[in-house]
Amino acid sequence: MAGRPLAPRIGRAVLLAFFSALFVLYVAGPVAWLVSSSLQTEAQITAIPPNWLPPEVNFGNFDAILNAAERQVTYETRRQGDPATGGFLPSGAANLIPSLWNSLTVGLWVAALNLLLSVTAAYAIAVIDFRGRRATLYTVLATRVVPDIALIVPLFLVIRNLGLINTLGALVVTYLAITVPFTIFILISYFEGIPRDLYRAARIDGCGHWGALRHVYLPLSLPALVASLTFAFLTSWNEFVFALVLTQNVAAQTLPIVISGFVMDFTTSFSFVNAAGVIAIIPPVLMAVLFQRYIVSGLTAGAVKG
Amino acid sequence: MAAITCEKLTKRYGSVTAVDRLDLAIGHGEFMVLLGPSGCGKTTTLNMIAGLEEITDGTLRFDATDVTWQPPHKREVAMVFQSYALYPNKTVRENIAFPLQLRRTPRAEVERAVADVSEQLEIAHLLDRHPSQLSGGQRQRVALGRAIVRKPSVFLMDEPLSNLDAALRLSMRSLIKHLHQRLQATFVYVTHDQAEAMTLADRIAVMRGGLIQQLDTPDGIYSRPANTFVASFLGSPPINLVEGEIAADGRFARGALRLDLPPGAVAPGRAVTLGLRPEDVAAPAPGLASLEARVTLVSPLGSETLLEVVAPGDVALTLRVPKEWRVRHGDSMTFGIDPARLHLFDRQTEARL
Amino acid sequence: MQPIASPLTRRRLLAGAAGAPALLAGLSGGDAAAQSGGTVNFIGWSAAVDQVRAQISAFERATNVRVNYENFPWAQFRTALVTRLVGNAPIDVSWISDAWLPEFVEAGWLADINDIPQLMRYNADAADYCTQSMVYRGKQYGLAYYGDHMSFMYNTELLERAGITTLPTTWEEVVQQSLRIKQQGIVEFPLLLSLAADTWLIEFVSALTYAFGGRMVDDAGNAVMADANRGAVRAARFIREAIATHRILSPGAVETGEINGLRAMGSGQHAFAIVPTYRIRALNDPSQASAAGKIRIALMPKGGPDGTNNTLGWIRFYGMTPAAKADRARRERAVRFMEFFGGRDTGGNYSMQKLLLTDVGLPSCALPVNQDADVTAFWNRWAGGGAVIAQQAMLAKKKDTIAPWFGEWVETSNQAWQAVCLGRAEPEAAMRTAAAKWTELRRAFR
Amino acid sequence: MLARLNRKFGYDERSAAILVFPVVAVLLVVAAYPILYSFWVSLHDIVLTRPLRRPFVGGDNYLRIFGDERFWLAVSRTTVYTVVTVVVTTVLAVLVALLLNETFPGQRILSAVLLVPWATPSVVNGLMWKWIYDPTYGLLNALLLKVGLIERYRAWLGDPDLTLMLIANAAVWKQMPLAALLLIVTMKAIPDDLYRAAKVDGANVLQRFVHVTLPALRPGLMLVLVYETMISIRHFDLFLIMTQGGPGDASFTLSWLIYVETFRSLRFGTGAAMSYVLAMATFLLSWAVIRWLGKRI
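Residue numbers (full-length UniProt numbering), protein chains in the order written: chain A, 1 to 306; chain W, 1 to 353; chain V, 1 to 446; chain Z, 1 to 297.
Treat the hints with care, as some may be off.
Listed next, the in silico BS3-like pairs over lysine-lysine satisfying Cα-Cα at most 30 Å (straight line) [to be verified]:
| id | chain 1 | residue 1 | chain 2 | residue 2 |
| --- | --- | --- | --- | --- |
| 1 | V | Lys139 | V | Lys397 |
| 2 | W | Lys151 | W | Lys8 |
| 3 | W | Lys74 | W | Lys8 |
| 4 | Z | Lys188 | W | Lys90 |
| 5 | Z | Lys146 | V | Lys182 |
A partial selection of chain V residues facing chain A, derived with a Cβ cut-off under 8 Å [said to hold, decoys possible]:
| id | residue |
| --- | --- |
| 6 | Asp50 |
| 7 | Arg53 |
| 8 | Ala54 |
| 9 | Ala58 |
| 10 | Phe72 |
| 11 | Ala80 |
| 12 | Arg84 |
| 13 | Asn88 |
| 14 | Ala282 |
| 15 | Pro286 |
| 16 | Val360 |
| 17 | Thr439 |
No lab work stands behind these hints: they were computed from the structure.
Keep in mind it's a predicted model, so treat the numbers as computed, not measured.
We put the CB at the ideal spot given by N, CA and C, even for glycine.
Working from the sequences, and respecting the hints, build out all of it.
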């Protein structure tokens with residue numbers, strides 16, 4: 001580096017800086033605007049031209065979300081007027097925090113069960129040479145070819161017949177159907193990258209298949225496992241269509257559903273919706289950034305092999 | 001101790017047959033080497049003995065017990081791999097102790113066994129390291145340690161020395177030989193390296209295409225190769241093979257080349273391949289067939305000299321002669337050959353005649 | 001797993017619904033029901049939520065029956081309700097839009113109240129069009145939540161600034177005055193119509209169609225919307241010209257939902273608008289609208305040669321599910337609830353009807369409510385008097401497109417109207433598309 | 001007897017069966033059964049508002065679809081949307097991958113920033129962009145006005161010529177990161193020697209990209225193309241949040257049509273048939289892409 005002429009190095013630095021700036025603007029700009037909007041009052045947010053940054057940081061929207069308890073309304077305590085033109089907390093505001101917990105619950109269950117199911121199947125498919133191995137793999141992957149929207153109706157009927165409508169369990173089971181094939185795909189790629197001799201050694205040393213999985217494959221595929229956990233959690237956290245149909249009451253609704261309700265119900269204050277959006281972004285973004293290293297190495301096996 | 005008996009052992013992958021009706025009896029405490037080029041089925045055979053590959057057909061017995069369908073962890077065999085296959089997440093100590101732990105050996109006993117084994121293999125100072133911190137030779141010692149700590153009756157070795165450099169290979173070779181003598185266990189050793197096979201084996205099974213070509217002692221394999229494949233696979237530099245036929249006078253003929261054969265060896269007119277090991281030449285002497293040839297290349301090896309020569313009929317041969325012979329490029333020389341040391345094979349079947 | 005053939009039958013729907021509630025009530029905090037007089041499961045859309053809650057408090061106190069109240073945004077409501085109905089969710093009472101009545105009855109999702117005199121007796125007090133809007137094939141399916149109509153509203157300040165002293169009585173005059181306002185640079189788009197493709201679109205275009213003397217469907221049920229003389233074509237052309245020729249209506253109207261339109265009107269950006277009458281309260285509320293105090297209502301202008309002052313009226317009502325009606329205890333609770341909300345409370349007052357009107361501005365179907373002094377005061381305070389509103393109410397006609405296939409047809413209709421707004425289809429062609437769909441669906445309905 | 005059974009299903013096969021069983025069981029219930037059930041539904045004229053009739057109509061639903069103008073309209077909208085989304089996503093992802101594959105101060109931070117859109121729920125993505133496009137208070141109007149690209153505020157999503165592109169932009173924003181990650185991972189696997197050799201051969205930056213990077217990216221690109229196509233073709237959330245198929249029919253895609261047919265018109269039969277057509281199209285398309293790209297690797 002030191003020996004190279006100065007001009008190309010400066011040129012490279014300028015180019016990198018320029019493209020980095022463009023990148024940040026496009027990738028982070030919209031979220032920054034969302035965050036900025038969430039920290040303004042309704043009056044500030046509806047100013048024309050808009051305030052790029054909050055004139056003063058205002059946590060009122062978040063405060064409202066956190067403290068939006070279901071209150072007892074009587075003739076005396078009711079608010080009058082038609083909350084039509086915005087600036088109002090939506091009537092579902094109090095559902096936001098419970099739905100956050102619902103999302104979290106479903107996400108964690110899905111992440112855990114997804115891993116449990118996928119690990120054993122991926123091990124079997126990647127490691128054991130059994131009849132029907134390819135058929136199993138293709139069947140598992142093929143279930144993802146059918147678009148979600150095609151599955152909604154039959155799944156709704158299945159879930160209804162199982163008596164699971166309006167339960168978090170319905171969502172967990174459904175999301176497993178989405179995440180498991182993908183996770184199996186990732187884990188197979190990863191398992192196949194683990195030297196076969198380690199498997200043979202473990203078997204010779206006295207491991208059955210459970211032992212080989214536990215003593216060799218699991219400890220050695222930590223990145224892929226963490227990546228799978230993250231993928232599953234995010235998928236579950238973000239999912240919308242199934243949740244929309246399978247859960248119709250507050251007890252089981254997840255965050256995207258409640259938020260979409262705010263968006264469609266434009267009596268809601270813009271700043272409130274934006275704040276709700278920010279709240280919905282925080283957990284998955286934290287998780288993604290925290291596990292960044294694992295996500296990349298988890299993807300590696302799959303991507304490089306094609 | 002255990003004797004291993006393979007009866008018509010077969011492994012097929014789809015339409016490909018990797019091992020074809022293999023019969024092999026390995027005795028108690030025997031050191032058996034499976035030798036052959038890659039893809040010959042030797043590793044598959046080893047895997048079947050280990051239980052790592054399901055046996056498509058045939059029977060496998062340890063002593064009198066049919067273990068054909070027994071999974072590997074039930075078979076009491078130990079194995080050493082070319083890649084060492086040490087668990088990267090475990091320390092050396094944990095690696096060696098692992099098989100014992102799986103057998104629920106009491107802790108004190110495990111510790112004693114690990115200490116014992118690491119003493120023997122001179123790796124006691126490495127016990128708390130991870131495999132990634134070890135050299136190749138050290139890793140293979142650890143792998144050996146993990147294998148012998150269980151005191152199994154059958155040792156399976158899958159090219160254990162192939163990843164080591166030449167010097168290490170020699171010392172590990174003698175280590176393994178010592179181990180075999182001390183442990184008195186049955187060893188099945190897979191390699192493509194003929195020198196390893198020759199030095200280690202009680203018996204060698206030379207394999208090709210899923211079939212055993214020859215099963216014999218190292219000496220038997222070397223001096224009486226069953227066919228041209230075995231003949232050419234062993235020996236360095238390889239045996240010279242010359243195609244020709246038996247002339248009316250009972251001599252081997254290839255163009256202008258004529259070589260005396262032991263009388264009455266083969267009927268005249270037969271198409272044969274003649275095998276001549278490079279070292280089987282001497283100075284011309286009575287009782288020896290003589291061979292005229294022109295030297296085209298001289299490669300001194302120190303203790304000996306390698307020659308490439310062209311014999312009549314444009315037959316190119318490689319010969320090994322004592323270094324005392326002063327040979328120069330372009331010389332024409334006469335070599336003496338003991339007809340009894342010539343190998344004759346049928347040209348069609350490639351089998352020894 | 002149930003046999004495949006069964007899930008969709010009505011019998012199974014009913015049978016399932018009987019068992020499911022207990023299970024689900026347990027999940028949704030129905031423990032209170034054990035000690036009290038039971039629970040009513042009521043769902044509505046997210047409107048007048050505080051008024052509903054206040055009334056629920058009163059209801060629970062008066063009857064010892066708990067109410068499990070849930071609300072969804074209006075935009076999601078129909079889908080959510082249908083999914084719940086199909087999913088055997090334990091709904092007793094729900095708000096229903098008049099447009100869904102035939103469809104829901106045909107689907108077996110609504111129970112009639114003809115054999116419940118406790119509810120039927122309120123017909124005596126109710127405006128006739130309200131009652132008629134809840135009747136399908138001779139049976140009545142509920143009590144009114146409210147009944148309203150589309151009003152023509154204007155911004156007094158903007159008219160003044162443009163020097164306009166006489167209110168427009170025809171849509172041609174609306175155009176003239178709008179152009180005047182526009183040319184003076186007072187506002188860019190003096191006319192406001194909320195034409196986003198949501199559930200309100202059919203209400204707005206029907207109102208305009210009536211004002212132009214047209215119809216969507218004739219009394220015999222034939223689609224006439226494409227008919228040049230008695231159809232919706234003139235109204236469609238008016239919209240098209242307002243956008244493309246006169247530029248008095250924003251091309252963004254296709255993206256303007258009812259609420260956003262309301263906001264724009266409230267912020268003084270438009271001089272004329274068609275708005276649901278009850279919104280007058282919000283528009284003249286200083287805490288919500290900068291143009292508060294300046295929004296007034298005039299009679300719907302007449303459009304074209306056959307123009308009338310007619311407008312569109314609609315109602316929303318409390319409906320009971322067949323599952324609730326089939327179970328004696330549930331039926332009894334549901335009836336009490338409907339009476340308390342859609343009729344008189346246990347004190348004999350139309351408390352909910354009055355609350356909705358005086359708090360939110362939702363006009364009542366119960367005629368006695370309109371005699372109330374508070375109601376008169378309400379109209380005086382927020383609308384500058386109730387005379388025009390009352391007059392317009394008499395000229396309101398219900399949607400002529402209400403049919404079992406309404407839900408499906410309106411998708412096509414909405415697209416057709418939007419195509420007109422966007423200039424992607426000629427008014428005649430667009431209305432022909434809508435009419436063809438109507439005819440097709442009607443024929444297919446057996 | 002037991003021995004014979006053992007012979008037929010050895011330890012490996014028995015273990016595999018046990019290990020695979022839970023997944024197969026779950027997928028049977030929540031994937032395979034619904035898929036088959038959906039097919040059964042697609043052969044019947046099931047309209048939810050007519051619960052008492054449910055005639056078997058065989059392929060009639062499919063025939064009806066193909067005779068339905070809306071279907072072909074939706075096909076064309078979906079095609080435009082998918083092509084734009086996939087192409088722009090891929091191109092942007094390649095550029096971003098090239099940028100982040102460089103080593104420079106701050107590169108790690110940018111890599112972390114890259115994950116933000118990926119982790120953003122699609123509902124929030126939709127509301128965020130809808131807010132940016134807002135005709136009155138939106139950022140886009142303010143920005144373009146400030147730069148002088150527009151003279152007055154516009155209703156962006158209300159412009160039928162732009163709607164699809166604007167939704168595609170929101171989709172690209174969310175999908176590009178994963179694609180870029182996959183490509184970065186693939187790039188990292190390119191041996192440095194190839195670049196050194198190309199440099200020695202006198203290739204400039206562009207030539208190195210075309211002759212070294214691009215061919216080596218093929219497996220990654222294939223994965224990205226197949227994956228992006230499969231998910232873009234079925235996008236739904238954004239349409240529900242942002243435009244509901246409008247204005248007019250400007251964003252009337254297949255997913256939206258299926259939603260309307262199923263949940264608004266409550267025609268489960270034709271809705272299911274449409275879903276099947278979409279599923280088959282997705283399948284064939286991915287297969288074609290794999291074949292097409294696979295041949296060229």
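Cross-check of the supplied hints:
With a CA separation close to 20 Å, the supplied pair V/Lys139 and V/Lys397 stays within the 30 Å bound. For the proposed pair W/Lys151 and W/Lys8, the alpha carbon gap of about 29 Å is at most 30 Å, so the pair holds. Pair hint W/Lys74 plus W/Lys8 holds up; C-alpha atoms about 22 Å apart against a cutoff of 30 Å. Between Z/Lys188 and W/Lys90 the CA atoms are separated by roughly 29 Å; this keeps the pair inside 30 Å, and the hint holds.
Of the pairs offered as hints, the one joining Z/Lys146 and V/Lys182 holds, with about 25 Å between alpha carbons and a cut-off of 30 Å not exceeded. Because the closest C-beta pair between V/Asp50 and chain A is about 4 Å apart, less than 8 Å, the hint holds. A hinted interface residue such as V/Arg53 counts as satisfied when its beta carbon comes closer than 8 Å to some beta carbon of chain A; here the least separation is about 3 Å, so the hint holds. Satisfaction of the interface hint for V/Ala54 is found here, the shortest Cβ-Cβ separation to chain A being roughly 4 Å, below the 8 Å cut-off.
Restraint check, V/Ala58 versus chain A: the minimum CB separation of about 7 Å is within 8 Å; hint holds. The interface hint given for V/Phe72 is met, as the beta carbon of that residue sits about 7 Å from the closest beta carbon of chain A, less than 8 Å. Interface hint at V/Ala80: satisfied, since its Cβ lies 5 Å from the closest Cβ of chain A, which is below the 8 Å cut-off. The interface hint given for V/Arg84 is met, as the beta carbon of that residue sits about 5 Å from the closest beta carbon of chain A, less than 8 Å.
The criterion of a C-beta within 8 Å of any C-beta in chain A is met by V/Asn88, whose closest approach is roughly 7 Å, and the hint holds. The interface hint given for V/Ala282 is met, as the beta carbon of that residue sits about 4 Å from the closest beta carbon of chain A, less than 8 Å. Proximity of V/Pro286 to chain A is violated relative to the hint, the smallest CB-CB distance being about 11 Å (cut-off 8 Å). Given the 8 Å rule on beta carbons, the hint for V/Val360 holds: about 4 Å separates it from the nearest Cβ of chain A.
Taking 8 Å as the C-beta cut-off, the interface hint given for V/Thr439 is violated, the closest approach to chain A being about 28 Å.
The structure is inconsistent with the numbered hints 15 and 17, although it conforms to all the rest.
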